[in-house]
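> Given next are the chains, with one letter for each unit.
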Amino acid sequence: MAERYEAVIEDRREPADDDGKKHPNTCPKCGSHYRDDELEANLRVCLQCGHHYPVGARERIAQLADRGTFAEQDADLRSADPLSFFDLKAYTERIAQAEMATGLGDALVAGAAAIERRPCELAVMDFAFMGGSMGSAVGEKFARAADRAAGRRVPLVTVTASGGARMQEGILSLMQMPKTVAAVDVLREARAPFVTVMTHPTTAGVLASFASLGDVIVSEPGALLAFTGPRVVQQTTREKLPDDFGLAESNARFGHVDAIVRRPDLRPYLGRLLALFADERDGG
Amino acid sequence: MAAEPKASEVEQLRLRDRLARLRALPLLGGVGVSKELERLERQIEQIAVEPSADEVWHSVDLARHQDRPYTLDYVERMCDDFVELRGDRTFADDPAIVAGLARFRGRTVAVVGHQKGRDIRERTHRNFGMPYPEGYRKAMRVMDLADRHGYPILTLVDTPGAYPGLTAEQHGQGGWIARCQLAMVGLTVPTIACVIGEGGSGGAVAIAVADRVLMQENAIYSVISPEGCAAILWRDASEAKKAAAAFKPDARHCLELGVIDGIVPEPEGGAHLEHDVAAQLLSEGLGVALEDAERVDRGQRRVERRARFRTMGVFTG
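Going line by line, the protein sequences match chains A and B. Quick note on my numbering: the first sequence kicks off at 1 and runs consecutively. Quick note on my numbering: the second sequence kicks off at 285 and runs consecutively.
Bound-form chain B, shown alone (with noise of 0.2 Å):
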C-alpha cells in the first residue's frame, strides 16, 4: 500500500509536536520534588525506546496494585476541604463514584472520581469501582451545578469499567456514558481529568472529556482490559500479556499517540509506597494543567475541547 508511509510520518510528527508541547508546557516543571522530575524527564527523552512487553505489564500491575491510592486518598490529601455530594436525584447512591465540592489549592472545584473499596466489604460497598448509570448521572449533575458556578472540574479516572450487570443494562448504562460525554464537551469551566489507576474503557472515558488530560506514570488507559482483548483475539485469557504488549494501555504510550496531555511523575517504585508524595506531585501536575487551561476564553472553552478530541486517529485519505 503506497499510503502506508505516508501514515507513518504523519504519526513521527504528531509524536515529535506532542513532545515540543510538553516541553512548552510547564506541567512538569515546579514539581517539588525534583528526583523524580529528572527520572520522569529522562524517560520522556527516551520515548522513541519501545517500552518492552514487561515494561508495560509493570504498569498494569502497578495500576491496580492493592495499596495504590483512590481517589479518596488524593482528594483528603490535596484538598483543603471536600463536601461530599451524593445521589443522582432519580433512584441512587452510586457508592463506585464520589463527587463533591473541595478547596483546592485555595478555590473552590468541583471533584468526580471512581472510588475503589481497600477490604473486602468497601471493595463491594464500592462495587470494585465500577459505576453503574446512577454514577454518571451524580457525576453530571455535580459537574452541572460546577458550571453553573463557575468552578473549575477536577475528575480522577480509576475503573476496571463500567459495572456489566443486568440492572445496570436496563437502567440505560450505554445511553449514560454517551451523555455524560456529551454533557463534559459542552461545559464552560476548565475541566482536567488525570487516570491514576485503571482507565478501563467505556466506564473510564465517559468521565475524562476533559479540556487537559493526564495519566499518572504507572496508571493504564485501555479500550478493553488486557484479559478481555486476549480472551477475544488470542481465545486465551491467560495471553493477558501479550495483549497489553499489543495494545499498549501504558502511559507513555498514551502520550505518544496524542491521547494524553502530560503524565503526573509518582514516587520510585510507584504512587503506593508513598501516598503522600504521590499527592503532592498529582496536586502539582493538576494545579499546572488547570492554569494551563483557565488561559482559554470561557466560550472559547466548548470548541477547543470538541477540537481536542476530533483530532484523534491516525487515518489517511
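Bound conformation, chain A alone (with noise of 0.2 Å):
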C-alpha cells in the first residue's frame, strides 16, 4: 500500500501590514495594474474602467501647457509658521516633509503658460503637498497668479485638489479664502476670464472660495466637490446619503459644474475656451 502523505499547505507570513490598501498603480476600481511608464502615457487615466488617478502639479502641468511654454513664479514663497504650531508633530516639520516627499514648496504651483497656443496663467494644486490646504503661501501664490493675469488681460485656469484650509495656519488660514476671493474680484474687474478645473477632491475652504468663482467650472469625472465631506454629513446628521454624495457627477445634476471633462480631453476642452474668451472686441 502506496504511503499517504498529510500535506497541509499553511502561509505562515505576516498578513501584510497594508491589508486592504493596494498599491497605487493599481485601478481602486477595477483591480487593473500599470507600470509608471504606462500611468504616465495614459494621463492616469485606467485604460479598462476611466478611473482618474491623482495627479501631481508638475505632471499636471505637463499635460496641459504646451511643451515648453510653462514659465514657474513664486518658486520660493513658503508659508511661515505664524502660531508656532504644534500637534503631534511641529509645522515646520511637517511642511519640510511634505517639500522632501514631493520636491514642491508648498501645495500650488503657478506661472505663466500656453494651452493649445493662448496664453495664460496657470495655477495648480496638489494633493500630496500636506492635503493640498490652504495656507499663507497658496493663497499668496494664487492672489499673484490672479494679479498676473488681470495685468497681462490673459485668462486664469486653476486646477484644484485640496481638503481645505491648512489647520496648523488658525485663522490665517481662513483668511486665505477672503482674500483669494479678493483676488478673483481683480480679474473680474480687468475681464480677464477665470477657468475652475475641479479635481478630486475639492472641498471646504477651497470649494468655498476661489473654485467656485470661475466664469467656467468644469470638473473631472469622479472628484469629490463637497463643502463638507460624506463622512462628517453622516456623523453629524445621521443622514442616509446617496451612493453619488458630492461628486462631480451629482454636482453636474445640481447645477454647480458646467461640464464633466475626462482627463484626455480637457486640454483641446481648454483650448476651444481660451479661443473663444481671446476675442477682445467688446460687444457692449
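There are no misleading hints in this set.
The list that follows gives simulated cross-link-like pairs (lysine-lysine, DSS-like), each with its CA atoms no further than 27 Å apart:
(1) A:Lys29 x A:Lys240
(2) A:Lys89 x B:Lys525
(3) B:Lys526 x A:Lys89
(4) A:Lys21 x A:Lys89
Not everything, but these chain B residues come out facing chain A in the computed CB check (under 7 Å):
(5) Glu453
(6) Gln454
(7) Gly459
(8) Gln465
(9) Gly486
(10) Cys513
(11) Lys532
(12) Arg594
Hints listed in this document are in silico derivations from the structure and should not be mistaken for laboratory results. Idealized CB from N, CA, C, for every residue including glycine.
Since each chain sits alone in its own frame, please combine them into the complex, following the hints.
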C-alpha cells in the first residue's frame, strides 16, 4: 500500500500590514495594474474602467501646457509658522516632510503658460502636499497669479485639489478664503476670464472660495466636490446619503458645474474655451 | 532655515504696526463705561504676554455660553427700529440668518447676522445658527439692497459653521459661501463686521468680508472648531482644549495676527451677565468703526477692502 502523506498548505507569513491598501498603481475601482510609464502615458486614467488617478501639480502642468511654455513664478514662496503650531508634530517639520516627499514648496504651483497656443496663467494644486491644504503660501501664490492674469489680461486657469484650509495656520488660513476671493474680484474687474478645473477632491475652504468663482467650472469624473465630506455629514446628521454624494456627477445634476470633462479631453476643451475668450472685441 | 528670523521680525513689525493703528483708531475711546475700557487697555498692554491654554479655553466657553446675547438681542437693544426681511427670493427663508433694515444711531443701516436659538424649540428652528445656502443668498439680497440705497451694512457673526447636511450640499453650500464673500468685496457702502460669539470657519467668514472687522472680547474666530481640529490632528476630539491653545481662536490672538481691527469690550465676566451693557458697548464699538470706515471715498472702498484681505497671511519669499 502506498504511503499517504498529509500535506498541509499553510501560509505562515504575517499578513501584510498594508492590508486593504492597494499599490498606488493598482486601480482602486477595477484592480487593473499599470507600470509607472504606462500610467503616465495614459494621463493616469485607467484604460479598463476610466478611473482617474490623482495627478501631481508638475505632471498636470505637463499634461495641459504646451511643451516648454510654462514659466514658474514665486517658486521660493513658503508658508511661515505664525502660530508656532505643534500638534503631534511641529508644523515646520510637516512642511519640510511634504517638501521632501513632493519636491514642491507648497501645495500650489503657478506661472505663465500657453494651452493650445493660447497664453494664460496657470495655477495648479497638488493634493500630495499636506492634502492640498490652503495656507498663506497657497493663498498668496493664487492671488499673485490672479494679479498677473489681470495685468496681462489673459485667462487664469486653475486646477484645484484640496482638503480645505490648513489648520496649522489657524485663523490666517481661514483668511486665505476672502483673500483669494478678493483676487478673483481683481480678475473680474480687469475682465480676465477665470476657468476652474475641479479635481478630486475639492472641498471645504477651497471649494468655498476661489474654486467656485470660475466663469467656467469643469470637473473630472468621479471627483468629490463638497463643502463638507460624506463622513462628517453622515456623522453629524445621521442622514442616509446617496452613493454619489458630493461627486462631480451629482454636482452637475444640481447645476454647480458646467461640464464633466475626462482627462484626455481636458486640454482640447480648455483650448476651445481660451480661443473663445480670446475675442477682445467689446460687444457692449 | 535662514529665512526664519526674518519671518518673525516681519511678524513683530506687523504686530507693532497694528497696535499703533489700534491706538490711533478711537475705537476703544469714548466708551461710556470707563471700567471696561481700562480693563481692556490693560489687556492690550499685555498683548505680548501669551494667553494660557486655560484663558483661551475660557473664551471658547464664554463664546458658546447659553445665555450669551445673540444677534436679535443686540439688534433690539442697539437699534431704534428693525424691519426684518425674509427669504432668498429663490427657494426658502433660512432662520439661521436674520437680515433687515434698522435705524442705528439715527441712520438707516442694513443688519445681517447669524441667529441662534435659546430654548430647544428655537434652537432647532434656527438650526443652531448653522445656515443653508439660502441664508447666504438672503444675506446677499439684503446687502445688494443696502448697496443700491447707500445704507451702511453691519454684520454680526455667530455660528458654529455652515450646516453640514445633504440638502445644503445639493443646494451648493460651498459656492454660495464663495459668492457671498465676493458680493461683500464689491460693495460700495461702508461695512462693519463683528464676531459676537462663535466665528466658525467658512460659514462665518461668508458674512465677515468687511471694511472693519471687530471681535467681542470673549468671541472666538477660527478655521475649524477645537473639537474638529482635535479629531483630525490629535485623532481625539477630547483634546479640544489642546487644539484651541494651538490654533488660538481668541480675540487677542486674532488682533495680534492682524485679522481684526479692534476688540469690543464686554461687561466684567462676559456679555451673558449683562445684555444691556454688552449691547451698549457693542453699539459704541460699531459706531466708532462705522465713522472711521465712512471717511473712505465711496469709489475707493472696494479697492481698500481688497487690500485689507490681500495682505493677510505670513510667508517668506
